Amino acid sequence: MTSRYLKLKKSAPVRWVASVRIAVACLVWLFVLTFWGTVAQVSDGLYQAQEKFFHSWYFLQWGFLPLPGAQLTLWILFVNLAANAVFRFVYRWANVGILIIHLGLLSYFVGAFVTLHGVEESNLTLREGETANVAQAYHDWELAVWSPSDGDALEVTAFDVAGLKSGEVVTLTDPPLEFGVRLFFANAQAYTRGKPPQPNLLNVSGINDLSRLPLDSAPERNFPGGIFTVRLPDGSRHDVLLYGQESQPTPLAAGGKGYLLQIRRKRYELPITVTLKKFEMKKHPGTEIARSYRSYVQIEHQGIQRDAEIYMNHPYRFKDYTFYQASYAVDQRGEFRSTLAVVRNRGRLLPYISSLVTFAGLAVHFLVMAFRRRSR
Amino acid sequence: MNRKILAAGLTLLMVAGGCDQSPQIRKYTEIHREPEASSLRDPHAGLSVAVAPSMRTQDPAVQAMLDKSVAETALKWTAPEGWSEEPGSGMRLVTFTGAGPDPVTCTIISLGGTSGGVEANAVRWTRQLQINPTPGDMHAFLESAGTITGDGGLDVQVLDFRRLQEGLPAGTPSMTAGLLTLPDKTVFLKMTGSLEAVTANQENFNTLLRSLRMP
Numbered sequence: 001m002t003s004r005y006l007k008l009k010k011s012a013p014v015r016w017v018a019s020v021r022i023a024v025a026c027l028v029w030l031f032v033l034t035f036w037g038t039v040a041q042v043s044d045g046l047y048q049a050q051e052k053f054f055h056s057w058y059f060l061q062w063g064f065l066p067l068p069g070a071q072l073t074l075w076i077l078f079v080n081l082a083a084n085a086v087f088r089f090v091y092r093w094a095n096v097g098i099l100i101i102h103l104g105l106l107s108y109f110v111g112a113f114v115t116l117h118g119v120e121e122s123n124l125t126l127r128e129g130e131t132a133n134v135a136q137a138y139h140d141w142e143l144a145v146w147s148p149s150d151g152d153a154l155e156v157t158a159f160d161v162a163g164l165k166s167g168e169v170v171t172l173t174d175p176p177l178e179f180g181v182r183l184f185f186a187n188a189q190a191y192t193r194g195k196p197p198q199p200n201l202l203n204v205s206g207i208n209d210l211s212r213l214p215l216d217s218a219p220e221r222n223f224p225g226g227i228f229t230v231r232l233p234d235g236s237r238h239d240v241l242l243y244g245q246e247s248q249p250t251p252l253a254a255g256g257k258g259y260l261l262q263i264r265r266k267r268y269e270l271p272i273t274v275t276l277k278k279f280e281m282k283k284h285p286g287t288e289i290a291r292s293y294r295s296y297v298q299i300e301h302q303g304i305q306r307d308a309e310i311y312m313n314h315p316y317r318f319k320d321y322t323f324y325q326a327s328y329a330v331d332q333r334g335e336f337r338s339t340l341a342v343v344r345n346r347g348r349l350l351p352y353i354s355s356l357v358t359f360a361g362l363a364v365h366f367l368v369m370a371f372r373r374r375s376r
Numbered sequence: 377m378n379r380k381i382l383a384a385g386l387t388l389l390m391v392a393g394g395c396d397q398s399p400q401i402r403k404y405t406e407i408h409r410e411p412e413a414s415s416l417r418d419p420h421a422g423l424s425v426a427v428a429p430s431m432r433t434q435d436p437a438v439q440a441m442l443d444k445s446v447a448e449t450a451l452k453w454t455a456p457e458g459w460s461e462e463p464g465s466g467m468r469l470v471t472f473t474g475a476g477p478d479p480v481t482c483t484i485i486s487l488g489g490t491s492g493g494v495e496a497n498a499v500r501w502t503r504q505l506q507i508n509p510t511p512g513d514m515h516a517f518l519e520s521a522g523t524i525t526g527d528g529g530l531d532v533q534v535l536d537f538r539r540l541q542e543g544l545p546a547g548t549p550s551m552t553a554g555l556l557t558l559p560d561k562t563v564f565l566k567m568t569g570s571l572e573a574v575t576a577n578q579e580n581f582n583t584l585l586r587s588l589r590m591p
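Protein sequence lines, in the order shown, are assigned to chains A and B.
Take the first sequence: its position 339, counting from 1, is numbered 339 in my numbering, and each next residue is one higher.
In my numbering, each number is its position in the second sequence, counted from 1, plus 376.
Careful, some of the hints might be misleading.
[Stated by the list, open to error] Within a straight-line C-alpha distance of at most 25 Å, the following computed DSS-like cross-link-like pairs (lysine-lysine) qualify:
hint: 1; chain 1: B; residue 1: Lys403; chain 2: A; residue 2: Lys165
hint: 2; chain 1: B; residue 1: Lys403; chain 2: A; residue 2: Lys257
hint: 3; chain 1: A; residue 1: Lys9; chain 2: A; residue 2: Lys52
hint: 4; chain 1: A; residue 1: Lys257; chain 2: B; residue 2: Lys561
hint: 5; chain 1: B; residue 1: Lys403; chain 2: A; residue 2: Lys319
Just so you know, the hints here were simulated from the structure itself, not pulled from any lab data.
Every value quoted in this text rests on a predicted model; they were computed, and no experiment measured them.
Build out the structure end to end from the sequences listed, making use of the hints.
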């Protein structure tokens, strides 16, 4: 133990950072946030409440009072616990169990961090007999480019549109296209009339103008749009208007090659292809209320096919991906569409590992205590 | 110690710099699927006002693609007597306006593929007209949809939404639609107006459907 370490350990800042009072205050505030955020989901909605209370560093209550969000609180608690482990903990063999317990607790924080920043949530809606290998994001959008193809597969190049700014240039290498952002709105209203048509502004739906809308508190109601100057491989430039509610891509062509452009909900490529073979819904007798519904799917991975059933509390798991039965729709002719929620959690094993480490620490500590008592 | 501080500072700078990078470009292979028939993904839907594209560009190659994308067709027709005809562009081939103080508007729109199919479009149109038929009524409505065979031999499926509006006031918005399915495209003919005006112009609409022909 160096003198520098001892000097640091006794310094006022380190003693303050490693204070147990901070840990207690953080735990109490986390309790308050959990309760507050849960109640607020009723009025603010799930997503808004999560963003405000749990994903934020701070938030303004009543518009002027800054309060720490769960992310800041958890970071403070993490630093506090880490400082405790480094500067306050008494390292001796008798405490090895407690040390392991603390390592397990710290690894929960790592798991929470990985989950917060690494999780992908999307959904997959399939008609009976339909196959897909990409899931669709709930809130995120992409600008996708592909070439018309007669085959079953499209080679898509895409980039996220969130945060695009006027004047920004995005350059693709394959296909070699350049997108200059003339204007971009994260939530826009599209117009097909009202202004004289702009002669060289291309849009397949006939939209000739966009206006900015304020961001809706429900993110699924936000539809981005923008005007882009697209430079094609032959050097020609075209102004293209793209809007999130369009069902058809806008085409461009150069040198005998065509390109289709569309702003659409972000796609996540799946490691498997999913085919909905059949959807089954059972109703409570004499009512139209669904009692249960399940999807019979065929999963294909690297040429190997297998059947699976997905229903309430019975998701299908594949590596980091979990497919839950989320909802269904039926059209007026009785044709079903099943929606599966797709969650990719790269840190899904971390809570299990943390629990195992914590359990091991408890076991070691009890064994050490028992051994010491017996020795006496 | 100073080196550690310098390294930490550089790391922070790199992280901060990373926050303002250009969008990440991704490539993936997607199995091609027919667009879903929900209202937001419908070719006609999602816009605040009717579609009236004006896609003209000086580049002939681009224009050719645009023309192809909107599935322009060689379809011919004869305007009913008393209706004025206004040429369209893009996917809207033509717009007719009926005569009188309460005129109807009739459009012919051509789209590639099935464009959602009959039932999906019918459901969307009932929503636009604020009709809420029961599933049984809707099923019966679709099952009993008639067909008019034109002079050129083209079969047009007719959806007369007045049948779902019996007993409603004469000024209620109404519609009669015709769907002509061609090998690679679907042509939509829509006559909209008040219930009274649509009823008064129904024979003109049928005349228009009968006049459809391919040269």
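Results of checking the hints against the structure:
no., hint, verdict
1, B/Lys403 / A/Lys165, "22 Å, holds"
2, B/Lys403 / A/Lys257, "19 Å, holds"
3, A/Lys9 / A/Lys52, "36 Å, violated"
4, A/Lys257 / B/Lys561, "22 Å, holds"
5, B/Lys403 / A/Lys319, "21 Å, holds"
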